[in-house]
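Undergrad: Here's the letter readout for the chains.
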Amino acid sequence: MIFIAGDKIEPESIPGVAQGSVESSVLTQLASSSEKLDYDSREQLLFELHVRSQTVAAARELDRSGMDFAIFRKSRCNPNFWDRTAEGGFRLKSGAKPSEAIQDIFEHGRKYATECATAMVIVYYRALLAVWGPETFDRVFPKIELMNWHHLDWLLREIGLMKKYPFYLPGDRRYFANPDVDPLTPEWQGENVIDLNGKLYYGHGIGIHDADFIIRSLNGNRIEDADESAYLMDSAGRPNYKNLFKVSQNR
Amino acid sequence: MYTDPRLTAGTLEQIRRVRGTGACQRRFQEIIRQQKEGAAKLLNGGGLRFATLFALKPQIEEAGLEPKLSGKMQAALQICNKVLEEKKSLPGGGIPYSDENVRNAFQWIFQTGARDDGLSNEYDEILDLCAGVLTRRYREKNILSGLTELIFRRNRKKGYLHDLIWAFFQIHDPGSLRYIAPYLRSSNTRDRELAHLLLHLPEGGDVRKREEQYRNFMSWLQENSAYLYYTGESLQSSNQPEICSLDREAKYLGKQISPRKRTPVDPLTQEEEESLSCFAQAEENEKAVLSDYSGKLHARNPELWNQWIHSPVSEQIRVAKGGTGRRLV
Chain A
1 MIFIAGDKIE
11 PESIPGVAQG
21 SVESSVLTQL
31 ASSSEKLDYD
41 SREQLLFELH
51 VRSQTVAAAR
61 ELDRSGMDFA
71 IFRKSRCNPN
81 FWDRTAEGGF
91 RLKSGAKPSE
101 AIQDIFEHGR
111 KYATECATAM
121 VIVYYRALLA
131 VWGPETFDRV
141 FPKIELMNWH
151 HLDWLLREIG
161 LMKKYPFYLP
171 GDRRYFANPD
181 VDPLTPEWQG
191 ENVIDLNGKL
201 YYGHGIGIHD
211 ADFIIRSLNG
221 NRIEDADESA
231 YLMDSAGRPN
241 YKNLFKVSQN
251 R
Chain B
1001 MYTDPRLTAG
1011 TLEQIRRVRG
1021 TGACQRRFQE
1031 IIRQQKEGAA
1041 KLLNGGGLRF
1051 ATLFALKPQI
1061 EEAGLEPKLS
1071 GKMQAALQIC
1081 NKVLEEKKSL
1091 PGGGIPYSDE
1101 NVRNAFQWIF
1111 QTGARDDGLS
1121 NEYDEILDLC
1131 AGVLTRRYRE
1141 KNILSGLTEL
1151 IFRRNRKKGY
1161 LHDLIWAFFQ
1171 IHDPGSLRYI
1181 APYLRSSNTR
1191 DRELAHLLLH
1201 LPEGGDVRKR
1211 EEQYRNFMSW
1221 LQENSAYLYY
1231 TGESLQSSNQ
1241 PEICSLDREA
1251 KYLGKQISPR
1261 KRTPVDPLTQ
1271 EEEESLSCFA
1281 QAEENEKAVL
1291 SDYSGKLHAR
1301 NPELWNQWIH
1311 SPVSEQIRVA
1321 KGGTGRRLV
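Residue numbers (my numbering), protein chains in the order written: chain A, 1 to 251; chain B, 1001 to 1329.
The hints are simulated quantities; they were obtained by calculation from the structure and are not laboratory data.
Since the model is a prediction, treat every value here as computed from it, not as a measurement.
Taking beta-carbon pairs under 10 Å as the criterion, some of the chain B residues facing chain A (in silico):
1) Ile1079
2) Glu1122
3) Cys1130
4) Gly1132
5) Ala1167
6) Leu1197
7) Glu1233
8) Ser1234
9) Pro1241
10) Arg1260
Each residue gets a CB set at the ideal place from its N, CA and C atoms; glycine is no exception.
Here chain B stands alone, though its shape is the one from the complex (with noise of 0.2 Å):
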């Protein structure tokens, strides 16, 4: 009878990083033939990883352990048999998505197995889908910098990676790319050129002009996430993606909007429609001008920002001429 207290999950995970997979598999086996009983209580005891799961699959399956496992355990094989389905159902078919049990699990997939990411072509397959499955589904932001340090991980092994792309930029937020940042200055060319991709920027350059763009790109990052939405572009259409984008009538009237949806996240007032009339009127290269300079004097002066978007438009663009010190050509 299996009796030794002294085993828990971390010791199946011991066995298997130390000594591989195929002794984890031969041990659990072991355990199976002795009690049943106690090698499902192993598995729900706390301090597994989705990899060792994974491995251990086939035997949880043929010994027929999956209802004495917990609800989270059940939900992880769920996921897997899905994602692993020849030709999967429609959208939605098998999961229930808004069960407890199973958003823990795709949670504790992905937080346990990105750093087993390798292992097989099917497990790289399942991380992939459940980082998009958390991202678009659930909307956890909790997963990002864990998602990030993934991509570009696999970015240095050549490996594939543009289905945990999509699933980074699936939660909508501009905020998010301050994860991807700070490749921006890594000294592997590859992160650098990753980095360059995913935010529409052009080559840095050496060190110190890395790290200026840094800089700068984080300046512009908080002077702009709330006027930037999502184009619909992405890897898979464009091998120059602009994946998201400045929209210069939100920053003119210093008005958030959906990154998703490229909507006022409040209406439009009447003054504000107004103002967006006289915006229209202007030429693109004074657009942008008017834009910036409206940005910069919402955030450093409300009151005179407000006495400015009510001046006409020329003379709006005369004082933001004055302002930021651009020339307009």
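Just chain A, same shape as in the assembly (with noise of 0.2 Å):
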């Protein structure tokens, strides 16, 4: 149920919201579930159905971006834009314009290479890049650090902050968790994905597919003494859609 300032609204009466699109499918979930879903305002409504779209929209560009798998130690970025850091992660240039740095990532998918968490931080990114334009993005993220959940700035903190939901929804990002895990092979401890419309999954070096697929593809990197299978975890971690739309009123 959705309500806005204390009123009760039914999804039709949302406009601009258009047939078959991530937004309708988020808004149509948001108004059938059980739970009370306060909103202050329509524009604050559509601000997070907007980035919840653009999120799917730059987990699907970065699947064909070309950025490579590399587990940290071996990660690697354009140093026109990014240093790299000890920890394998990379750190916004003195003098490089985030959102140049961030669009990179895309246009050069092939300069870049690193694990899923840090692929999901940078899929936020574009996302606001997006819904912000360059200006805003510019102001709002000065400094940058692309590391998986760590380092992440204030006002994405949430996304590394896994919460148990009533219900998932497109943009959210999820965690395939492979507990049985070969210790020779820990990048297969787990998949880092967005969910792209409940049923298909965005995850960095797997590509885009179903539970099921990412699944069978962790069980396949299990000790010889696995008893347990790959699952996905009952939780999420989200932006703070009304922080981020505080920060839009502010341009």
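Could you use the hints to bring the two separately framed chains together as a complex?
TA: Here is the structure:
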């Protein structure tokens, strides 16, 4: 159930949401939920729908970018925009424009290689760049460090924080855990993914697939005495859309 | 002919540490030239640390010395090659884990190699993966102290440590958290931050509060270790993972659980099943009070506990509220 400023609303009363779009799918799911979901304004709700839609688009775009998979020890980045840290993360180069540096990953994916968690962070930055445009993006994120869930900008901190929700939506960050992974291949200990539509997930290095495929792939990299299958964890990381919306209002 | 009896593996160690890897390699090359057999004996002679074997690996391979090396040394080289393969073959491929030499080699690599952490990216990768094999496959608890030291040392250097941390928790023994706990009271901020993160605790405050936090954690661990389980969360999935969590039902019953599976070590009796049904009826905040009270009473007075747990749940709550001095809100 969606409540705007205390009033329950139906999805049909929200204008400008195209049928069959990611926004429309999210809106329907929110409205049919038994949970009471409070928004301060229509604009706030539309903003979340828009960011979720752009997150899905960015995930699909990153999948096509050609960015390689590499463990952190072997990660690489375009040195024109990024400095590689000792941990294997990428820190925005002094003087580089944040918006151009993020865009470069999508345009010159082959110059980059990283693990799945960092790819998720890149997806969210790209989505916000699409929503805000370069000027606001550069103002809001003058410094960026891309390194899984650690060193995140405070505005994006919640995408690294896994919580249980009553239901999951396109644009959520989910995690497939592989408890019995072979210790010689810890990069298969799990797969961070973006939920594209509740059925398909984008995982960096693995591509766009359904849950069964991802679980099978993880299970193919288990220790010989494995007795536990990989599984999709019952939790998600979500950006704090309300905080991000406030930033939009102050543009 | 190479005949100098004063030369030992320790000599190569000494050269590497004092004069560097290059000098060690040059000296070893000289020895190989003088007498191949002696070079192999030197490596097998004991006192060699993994860092030296790693530095001499290209020369050992070039000179074809592997067959003359001890089983442990051969296994160590095999492990290095496996780890450094660009695309690793399927799990277990190529390494005979049940071979005692292989097990000894994993131990030897980690125990003698950890002190030279930072030698190169490849070297560190081998250390990290050996730690994972030792904890997950061999359940070697004797490396936990050294592994903890390595994690915190690398943390201070701001190096990559997520695989080491992952390896630490693969031992699936809540008791191992005691190795991390002392860092809660470290004078180094980075140590404390990491300890708080791994133990899922809030910042400790000033020195006095940090000491208090450490003591509280250790007594909490002692009280609850039989009821802790691994949640599946990790630094790879979350920036604030709760890696170990308390199973309130297990504590309520005083029933040890498997930390990895979160299942009772011994099957539940009919009576325990009934007690759990009662427990399930309680509100969430009441469950916390019940399990805490149960745990304390069980340790203090098993006979009284036995009477208490068989009373109606409303009575249990009433007694527990009085017994713990805590108020339900």
